[in-house]
Amino acid sequence: MLRPLGDRIIIELVEVEEKTAFGIVLPDSAKEKPQEGNVIAVGTGFLTDSGTTVPLNVKEGDRVIYSQYAGTEVKYEGKEYLILRESDILAIIG
Amino acid sequence: MLRPLGDRIIIELVEVEEKTAFGIVLPDSAKEKPQEGNVIAVGTGFLTDSGTTVPLNVKEGDRVIYSQYAGTEVKYEGKEYLILRESDILAIIG
Amino acid sequence: MLRPLGDRIIIELVEVEEKTAFGIVLPDSAKEKPQEGNVIAVGTGFLTDSGTTVPLNVKEGDRVIYSQYAGTEVKYEGKEYLILRESDILAIIG
Amino acid sequence: MLRPLGDRIIIELVEVEEKTAFGIVLPDSAKEKPQEGNVIAVGTGFLTDSGTTVPLNVKEGDRVIYSQYAGTEVKYEGKEYLILRESDILAIIG
Amino acid sequence: MLRPLGDRIIIELVEVEEKTAFGIVLPDSAKEKPQEGNVIAVGTGFLTDSGTTVPLNVKEGDRVIYSQYAGTEVKYEGKEYLILRESDILAIIG
Amino acid sequence: MLRPLGDRIIIELVEVEEKTAFGIVLPDSAKEKPQEGNVIAVGTGFLTDSGTTVPLNVKEGDRVIYSQYAGTEVKYEGKEYLILRESDILAIIG
Amino acid sequence: MLRPLGDRIIIELVEVEEKTAFGIVLPDSAKEKPQEGNVIAVGTGFLTDSGTTVPLNVKEGDRVIYSQYAGTEVKYEGKEYLILRESDILAIIG
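Residue numbers (UniProt numbering), protein chains in the order written: chain A, 1 to 94; chain B, 1 to 94; chain C, 1 to 94; chain D, 1 to 94; chain E, 1 to 94; chain F, 1 to 94; chain G, 1 to 94.
Looking at chain A on its own, in the form it has when it is part of the complex (with noise of 0.2 Å):
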């Protein structure tokens, strides 16, 4: 299990399936990167400068667009994951 720290979360990655207009699927190269991923664990909040600890907004299981560059891609038990900063989440889906 990954706990990550402080305002971090950790990311599934999601494969969204893409179709160009005239209805082809497009290979993996092809695709631009993916934005959208599983939230499958929240750190314990943001550390403001006055030293109190905010909760974060995005639990545990939401799925959630992100900002393209950011977060660290980690490897973990041969799945990989996307650790960023709650600031990076751009949106909640749903």
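Simulated from the structure, these hints should not be mistaken for lab results.
No false leads were mixed into what you were given.
Some but not every residue of chain E turned toward chain A, in silico, with C-beta under 10 Å:
id, residue
1, 46
2, 49
3, 52
4, 65
5, 68
6, 87
7, 89
8, 91
9, 93
To list a few chain G residues with every Cβ distance to chain E over 12 Å, as calculated:
id, residue
10, 1
11, 12
12, 13
13, 40
14, 41
15, 60
16, 61
17, 72
18, 73
19, 74
20, 75
21, 76
22, 78
23, 79
24, 80
25, 82
Here are the simulated lysine to aspartate or glutamate pairs, EDC-like style, with alpha carbons at most 20 Å apart:
id, chain 1, residue 1, chain 2, residue 2
26, G, 79, G, 12
27, C, 79, B, 36
28, D, 75, C, 36
Fair warning: this is a prediction, and the values are worked out from it, not measured in the lab.
Ideal placement from N, C-alpha and C gives every residue a C-beta, glycine not left out.
With chain A's structure known, arrange chains B, C, D, E, F and G on it following the hints.
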């Protein structure tokens, strides 16, 4: 549905018909990027350094002018949106 | 009507007639960009780090001098405006 | 009249006559930019992060030394002034 | 013994054996730098802007994932350690 | 008299005679810039973000070591001074 | 005597004898810059944004490891010292 986080705002871009001085409607490629949009969702507020949340001034339904290079474009259920921070909103129209 | 947000201010540019040392009125392309304008709308105030809003010092109707490269030019209903932050205003005239 | 905003200060530049080691008065182009000026107006004070205003230490009539590349030169009613922040003032003379 | 200061953490690097898709163990020069380590000492806490000290979340014995280019490598009594700030720790494993 | 503002300090430069390993006194052009000086005036204190003024630790008469490229050199009544911030003072001698 | 200001610390550099894998002692030019030193003086503390002074954790006599490119080297009464901020100290030894 997309729910923006914190001080983020989701905007649906508005195509502004633009005529030249001679009354000719410009095709899309010749126009400069529109800076107007309709707010379709707003976050819960701006988190200050001291850990308090200040509600946003912009609300759902507002028509706004925003900084030309601000925000991130995302595609969701076939439509394109712009997600930006309230500080990138220059003015509310009307 | 345009309503600026936070510490933003909307200015209508003022064409300052300028003569050379020899009394010749310069055509527009030969003049340097004017730095004077009339304030036509002001935001609700400056949001501090601690989350309080401080009212602006500049008010509607003020004629101001501003930093030459500050702000964003926007076109609204055929007229051009400059939207900038109060901190880009150098001085009030009169 | 020009009224500077916040922690800004308006200075009238002072031409300092300067002689070389051999007693020759240098023409304007050969002198380095003067760093002295007379304060003709001061703003209402410095706005801190917590939203309080701290009065300035410099006052109208002070003769000051300032950082060489600080501030913005503006022309008003035919005279040239320098508008800069109090933090660009190095020292008060006398 | 090494005692890290403030929000710093000392990590003993862990060599992660890595196999390619074909089961071949890669020699050291062909592997990417490991991002896992064991915490062997932690500082007294993070000093906030207001002067209070917030205890760290990471503790001695934790196995952590950290940002690839974070920290400073030091050699002490023949062993190599990495000293980094807690904010460079991405997640705790387990 | 020069009165420095805020956390600024005025220093009179001290020429330190320097000998090479062979006892030869170096001419001025061959020496590195001295980093020692005598404090001749100090400002009223450091203005914090919260708007309070903290008195300086350095006082008139102190002999100090300062960062080599810090501050601004000014000429006043024929003498050269260095005006720098207290944070550029490294240590007090004696 | 040198008295460092604020959060500054004065360190006397320690020459660490270093042997290669084959037991040969390296001459000075071939060694990497040592990162160890003995603290000979500490400042009165770290001044926070709110204007309070937090005492330092490092004290006179401590042997410390510091960031390789931190601080300023000064020469005083024929000896060389390094003056750096406490935040550049990575760990205390022992």
